[in-house]
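S.K.: Can you make the complete structure from the sequences, with help from the hints?
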Amino acid sequence: MTDATRNLLLYALIGLIGLLAPYLAPAFRIQMALLWMMILFALTWDLGGGQMGYNSFGNIVFFGIGCYAAAVVQRELFFTVEGQPQATGDLATTSPLFNYFNGFAVGLALAVIIALAVAAALGSGILGLRGHYFAICTLGVGIAAGEIASGWGYIGAGSGMVAPIFPGHPSQAALFFYYLFFVLAVICFFTLKGLYASRFGLAINAIRDDEDKAEAMGIHTTRYKTVAWCIAAFFLALAGGAFGHLNNFIDREVAFPGITFGVWMVLMAILGGKGTLWGPVIGATIFHVTQELFWTYLLGWQRVALGVLIVVIVVFFPLGIMGWLRERWPEKFGETVDLEARTAPISLRESQ
Amino acid sequence: MVDNLLLLFNAPILSVQLLVDGILIGAIFALAAYGMALVWGVMDIINIAQGEFVMLGGYVTFFLAAAGVHPLYTVPVAAAALYLLGWVLYRTVVFRVVDKDMFISILATFGISIVLQQLANELFEADVRTAESGLGTLFFADGVIVVSQIKLVAFFCALVLGGALFLFLKRSRLGLAIRATAQNARAARIMGVNTDRVFATTFALNAAICGAAGSLVVMTWLVHPYLGLAYTLRAFMIVTVAGLGNMASVVFASLGLGAAENFAGFLLGTEYQAAFVFSLLVAILVWRNARLSRQRKYLK
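In the order they appear, the protein sequences are chains A and B. Okay, so the first sequence: first residue is 1 according to the numbering used here, each after it adds one. Okay, so the second sequence: first residue is 353 according to the numbering used here, each after it adds one.
Since the hints were derived computationally from the structure, they do not count as laboratory data. Fair warning: there could be bad hints in the mix.
Claimed, not checked - No farther apart than 20 Å at their CA atoms in a straight line, the calculated lysine to aspartate or glutamate pairs in the DMTMM-like style are these:
no.	chain 1	residue 1	chain 2	residue 2
1	B	Lys-452	A	Asp-209
2	B	Lys-452	B	Asp-396
3	B	Lys-452	A	Glu-211
Since this is a predicted model, take the numbers as computed values, not measurements.
M.R.: The following block contains the structure:
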């Protein structure tokens, strides 16, 4: 069996499971929808943090923008009385042209536009910063966005706002959002797969390995970094818009959950192995499943455990699962094995 | 916002009040910032858990004060407790990332900050706490300018602590070793400096300074588990503006930040004060980058 057919079989298997899963376990549709969202989170974080070497602690901003933008569009379309939600989204429409779904689509489109504009505007400013300045800066951006959202009356300020309710039975809503997140995650995966295999992937890897040299080789580093950040923003805004609708209620804690989603996306990517395509997928799956199964037994201590986990992974297990596999069986990853290099002292191998 | 601006023009004495308050608070920022500059300069680590040290120092004072000790006497206790914590953190985690890439250390200290923050949240609960010092307030200019005495005391405490640290670094043998390691760790090692011990001391010392700062914060202001990040980012901002290892400019930048924050809080409304701090950080970094990129002549 060649590599190509094996890969095809793998994709087909995962795709089949993904398509059938909501019918196999109808009770867990929401959790499974969130699994695909987690995969999307980890993949988009890894685009910057893993592949490009630019750790961002503020990617959650785009998620929040998506949340709010999509919900605001729905509110403006459907709710004549500001802030007064109707029982079902369909009934309160102000225009016969719009219903829940195309209002949602318009909202997502606007979410993407705003997120891209913000990513490009912010990116052109702060992506010129070298790595660690960028990391701290994004930490500030993430919190600032939350603070602004909780002070801005138009989007509900501290008391939050309500997204329209899905017209139909809750189980149908779960099904709809499950497939939405599934499709988003799959598109995200293949987009990134294509990008990593292209010149773009080489360029951002070069930026990670040595930015000065990359620049000296004629790569417009800031441009590449901004584009990469915009791609992450694009997918995160879509996920945010969908999550806001799934959750119905949006406030600062839902839209800018820096301490949960914002930390998780970093953790999932480094757990699976940052800088690899499959690493974030594996990391997100393991993390989400363990979280759903065991996390509740930790009773509030899960966030402490989360921090411990980050420290342990970063300090003792920096390569992640994929990195470890690659270290163990390099020949499976299409690398020519240089015995001399493999037996070289760890410090030499770890240097890059 | 315009109303408040007009108010400032009509009653200039108000700006004096804002300025005084800001400067008194700024001195506490200076402590955390100088600690961050120390660790950054010596160990090449940006410590994201900086603000959590401040927060924990505040809790030490809060609990001791609740047990009946006067909060001012607890400042050295908070410093000692945090010194211990810093030392333990260095020996367990930080020493493993000292010579690694800066991304690794940022992620590691980010993890530490989450652990400390959430531990505080679980153990001390999310309530806002403050320690009453029992000192009165002073009135100036016919009662228009109000300064609580504890803020003045905290200001002078911060100055004394900063001065002591400065003298320690300049005069003591260990301080000399720390400065030598900051200049060139490898050369210092060759000259017989135990750099590992220097790192441990530096990190613990930084935690102690932050602990003392936190102790002052809880007396003049308040403390809660999620306080940390704001202090980390303020410290980072100050260090970025002031540069590493320049005590005087760290102090001036801190006082300036304190004043700016107070004015922004007054003009924009207190609900946007935090947003202002974080936006200022972004603005400063972007401005710094624009200035640097003009200096880089090669390749645009």
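S.K.: Just pull the numbers of the violated hints for me, sorted ascending.
M.R.: Per hint list: zero violations.
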